[in-house]
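Use these hints to put chain B onto chain A, whose structure you have.
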Amino acid sequence: MTLAFDLLVALSLLWCGWHTLATPRLDRAIVLFITFGLLMTLVWARLSAPDIGLAEAAIGAGLTGALLFDAYGVLRRRSAGP
Amino acid sequence: MKRMVVALVVTLALAFVLLLTGAMLELGPVAIDLRAPVAAHLAQSGVSHPVTAVLLNYRGYDTLLEIAVLLLALLAILAVVGDTAATRPMASHPVLQMLARLATPLMIVVAIYLLWAGAFRPGGAFQAGAVLAAAAVLLHLVGLLPGWSTPGLRLRIGLVAGFALFLAVATGLLMHGTLLQYPPAAAGVLILLIEAGLTVSLALILAGLFLFLAREEAA
Chain A
1 MTLAFDLLVA LSLLWCGWHT LATPRLDRAI VLFITFGLLM TLVWARLSAP
51 DIGLAEAAIG AGLTGALLFD AYGVLRRRSA GP
Chain B
83 MKRMVVALVV TLALAFVLLL TGAMLELGPV AIDLRAPVAA HLAQSGVSHP
133 VTAVLLNYRG YDTLLEIAVL LLALLAILAV VGDTAATRPM ASHPVLQMLA
183 RLATPLMIVV AIYLLWAGAF RPGGAFQAGA VLAAAAVLLH LVGLLPGWST
233 PGLRLRIGLV AGFALFLAVA TGLLMHGTLL QYPPAAAGVL ILLIEAGLTV
283 SLALILAGLF LFLAREEAA
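If you read the sequences in order, they're chains A and B.
Read in order, the letters of the first sequence are residues 1 to 82 in the numbering used here.
Read in order, the letters of the second sequence are residues 83 to 301 in the numbering used here.
One chain only, chain A, in its complex shape:
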């Protein structure tokens, strides 16, 4: 059961990583990056490193995701502007 869960998480991680890099749309890439971070949190928890998991969830997925979205908004407004 745990092996199946681990395999599932590992495969989703690889899938998310690949699509983050491969998708042509920036907004989708950012959402996938945040998903990647949250899955990474699960992996850290499974590796019995909850400390790193907490930091990953708060900084890696949360704050970095917000910063990336902010940058995306600025980019879009600039290209839509003059």
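These are calculated hints, taken from the structure and not from any lab test.
Incorrect hints may have been included.
[What the hints assert, rightly or not] Only part of the chain A face toward chain B is listed, based on derived beta-carbon distances under 7 Å:
| no. | residue |
| --- | --- |
| 1 | 6 |
| 2 | 7 |
| 3 | 50 |
| 4 | 55 |
| 5 | 58 |
| 6 | 61 |
| 7 | 62 |
| 8 | 63 |
| 9 | 68 |
[Unchecked claim] Listing some non-contacts, in silico: residues in chain A with all C-beta distances to chain B over 10 Å:
| no. | residue |
| --- | --- |
| 10 | 1 |
| 11 | 2 |
| 12 | 16 |
| 13 | 18 |
| 14 | 21 |
| 15 | 53 |
| 16 | 67 |
Note that the structure is a prediction, hence the values are computed from the model and not measured.
Ideal Cβ positions, reconstructed from N, Cα and C, are used throughout, including at glycine.
Okay, now just chain B, sitting in the frame of chain A:
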């Protein structure tokens, strides 16, 4: 021609992956195993969680430099962004604002819990600071908290408080012997003091990474 280059790159990358996997499977025993010494000296470290003991006692110097690096990053951002007036962001939907208002006190409580829990279970200053910063970013995104302009005196003090406090404790301990070597009796209190300062400064620094940059977009 282009297709051949792509094929070459893919082949090389696959070979690299295979090589790395092979290396991972044949990992030798660890040269230095520090788990036993860490566990043996846990009682003198002032905290009962090994990760916190390593971060703030055994390797306190690393954490001191880490907060200094984060502070430098924020100073660099302040230097790059320059001097523009902060503008209030557009207010979002009232339901979102209401949710943010409800979530913020909870996030503050969670941050304080994480800070307190760091002594004996997973948690600590970095996580607590990140949660506080996330609360500030949330408030900014729903339009309740304006982006920060040039920091005033109070904000400046808050930004450097953690680093300054850490440095002061380190210097104070230097008078009695080695840098950051806590006396076992006072270690717990000192670590909690440093972590509290770190939490405040980290929250302001991480939120600042977002809020100092946020003012530029509205211009």
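Against the structure, the hints come out as follows:
{"no.": "1", "hint": "6", "result": "violated (16 Å)"}
{"no.": "2", "hint": "7", "result": "violated (16 Å)"}
{"no.": "3", "hint": "50", "result": "holds (4 Å)"}
{"no.": "4", "hint": "55", "result": "holds (6 Å)"}
{"no.": "5", "hint": "58", "result": "holds (3 Å)"}
{"no.": "6", "hint": "61", "result": "violated (10 Å)"}
{"no.": "7", "hint": "62", "result": "holds (5 Å)"}
{"no.": "8", "hint": "63", "result": "holds (6 Å)"}
{"no.": "9", "hint": "68", "result": "violated (11 Å)"}
{"no.": "10", "hint": "1", "result": "holds (24 Å)"}
{"no.": "11", "hint": "2", "result": "holds (20 Å)"}
{"no.": "12", "hint": "16", "result": "holds (18 Å)"}
{"no.": "13", "hint": "18", "result": "holds (13 Å)"}
{"no.": "14", "hint": "21", "result": "holds (13 Å)"}
{"no.": "15", "hint": "53", "result": "violated (8 Å)"}
{"no.": "16", "hint": "67", "result": "violated (6 Å)"}
Hints 1, 2, 6, 9, 15, 16 from the list above are not met by this structure, while the remaining hints are.
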